[in-house]
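So you can see what is in the structure, the chains are spelled out below.
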Amino acid sequence: MPAEKTLDTLRQELRKIVAEIGEISEEEIKDDANFIDDLGFDSMKALEVAAAIEKKYKIRISEEEIPKINSLVNVFKLLEKSLKN
Amino acid sequence: MKLQDKVAVVTGGTRGIGRAMVEALAREGAQVLFTYAHNDLLAGQIESELREQGLKAKGFKIDVRDFEKINQWKEEILIEFGGVDILINNAGIAKDKALMMMSREDWDEVIDTNLNGLFNFTRAFIVHFLKKKEGNIINISSVSGLIGLPRQVNYSASKGGMISFSKALAKEVAPYNIRVNVICPGFIDTDMTRKLREEYVRQMMPLIPLGRFGTVEEVARTALFLADETVSHYITGQVIRVDGGLTM
Ligand SMILES: NC(=O)c1ccc[n+]([C@@H]2O[C@H](COP(=O)([O-])OP(=O)(O)OC[C@H]3O[C@@H](n4cnc5c(N)ncnc54)[C@H](OP(=O)(O)O)[C@@H]3O)[C@@H](O)[C@H]2O)c1
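Residue numbers (the numbering used here), protein chains in the order written: chain F, 1 to 85; chain W, 1001 to 1248.
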């Protein structure tokens, strides 16, 4: 199913972005790992993830949504929602 | 032209130093978005004067004290102009009197405009700058914030606060290629200083080594220097005095 494939690719791309910004390997990032508690991100890093996603997918993440950038699952949900709109 | 394709926001851009900066930035090719609190007519006049010269400036009635409105406006202009490169926090007021005569309102109004206004605008744009990993913030404080001046405890406190705010922020955001600098004008010939009593002016004049008040253009040219990243890119967290030597 092509749609599912796209979602999978999205997930992979996201993991890559987060790994690059966090300077950690992709394998280290569990889907539900908390960026701050488990991966040692700070709020600026979360913002960098937001900026990278905005640029790559040409979407806008509002300032209120930035605190939601705290795990791969949540970022994925955010991206999915934005891409639908 | 030094600022071609740059977008600059200037608060309090309809009179005095603000207006001179709006004109100077526009002349260097920037798209200037300036704010004001009261005079719509004057704002329109500035817009059309600059338009006739082929320059780009647009006025917006936005009180620097109105955090909500500033944030709403920010969203709109980021979409309309595609981003902002330079933020100049200039809007400011003075309500000079001896502390014993100063009301709570006199205190609040000055702190709210000069210091909270700085927070409001900078807070509104900082996320945009952080995301871009680029930004240039120029804050107009005063020599009063450096040395303290009598009958200005409210104004001196607000301007001193602007300086500390700027240094703290400069350190915080330097890793993101965002620069924050302060200009401290001395006595500049504007509506603000025209209100000073003659007696006070006579007393202050001998203290200014260059022996005269400064002009708004002299402050604007210093702002241009900070706005132009090709000349000031390695300068951040600095306090530049444009005061004829008053506070050396
Ligand atoms: N003049 C000096 O000698 C001197 C010396 C040191 C520092 N400074 C500083 O330089 C800055 C500019 O001073 P200036 O002498 O050019 O003042 P000015 O001639 O009195 O002009 C002030 C400007 O700020 C705007 N403004 C005032 N309150 C505002 C508010 N709540 N929201 C938005 N805009 C507002 C005014 O617009 P409206 O007319 O619409 O209110 C006007 O455009 C101030 O921060 C001042 O403290 C001046």
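A portion of the hints provided could be inaccurate.
[Said to hold, decoys possible] Subject to a maximum C-alpha distance of 25 Å in a straight line, what follows is the list of computed SDA-like cross-link-like pairs (lysine to any residue):
(1) W:K1131 x W:E1075
(2) W:K1131 x W:V1153
(3) F:K84 x W:I1079
(4) W:K1132 x F:K30
No lab work stands behind these hints: they were computed from the structure.
Outcome of the hint check:
For the proposed pair W:K1131 and W:E1075, the alpha carbon gap of about 14 Å is at most 25 Å, so the pair holds. Our distance criterion of 25 Å between C-alpha atoms is broken by W:K1131 and W:V1153, whose separation comes to about 37 Å. Proximity of F:K84 to W:I1079 is assessed by CA-CA distance (about 20 Å); at most 25 Å being required, the pair is judged to hold. Between the alpha carbons of W:K1132 and F:K30 the distance comes to roughly 28 Å, so the proposed pair goes past 25 Å and is violated.
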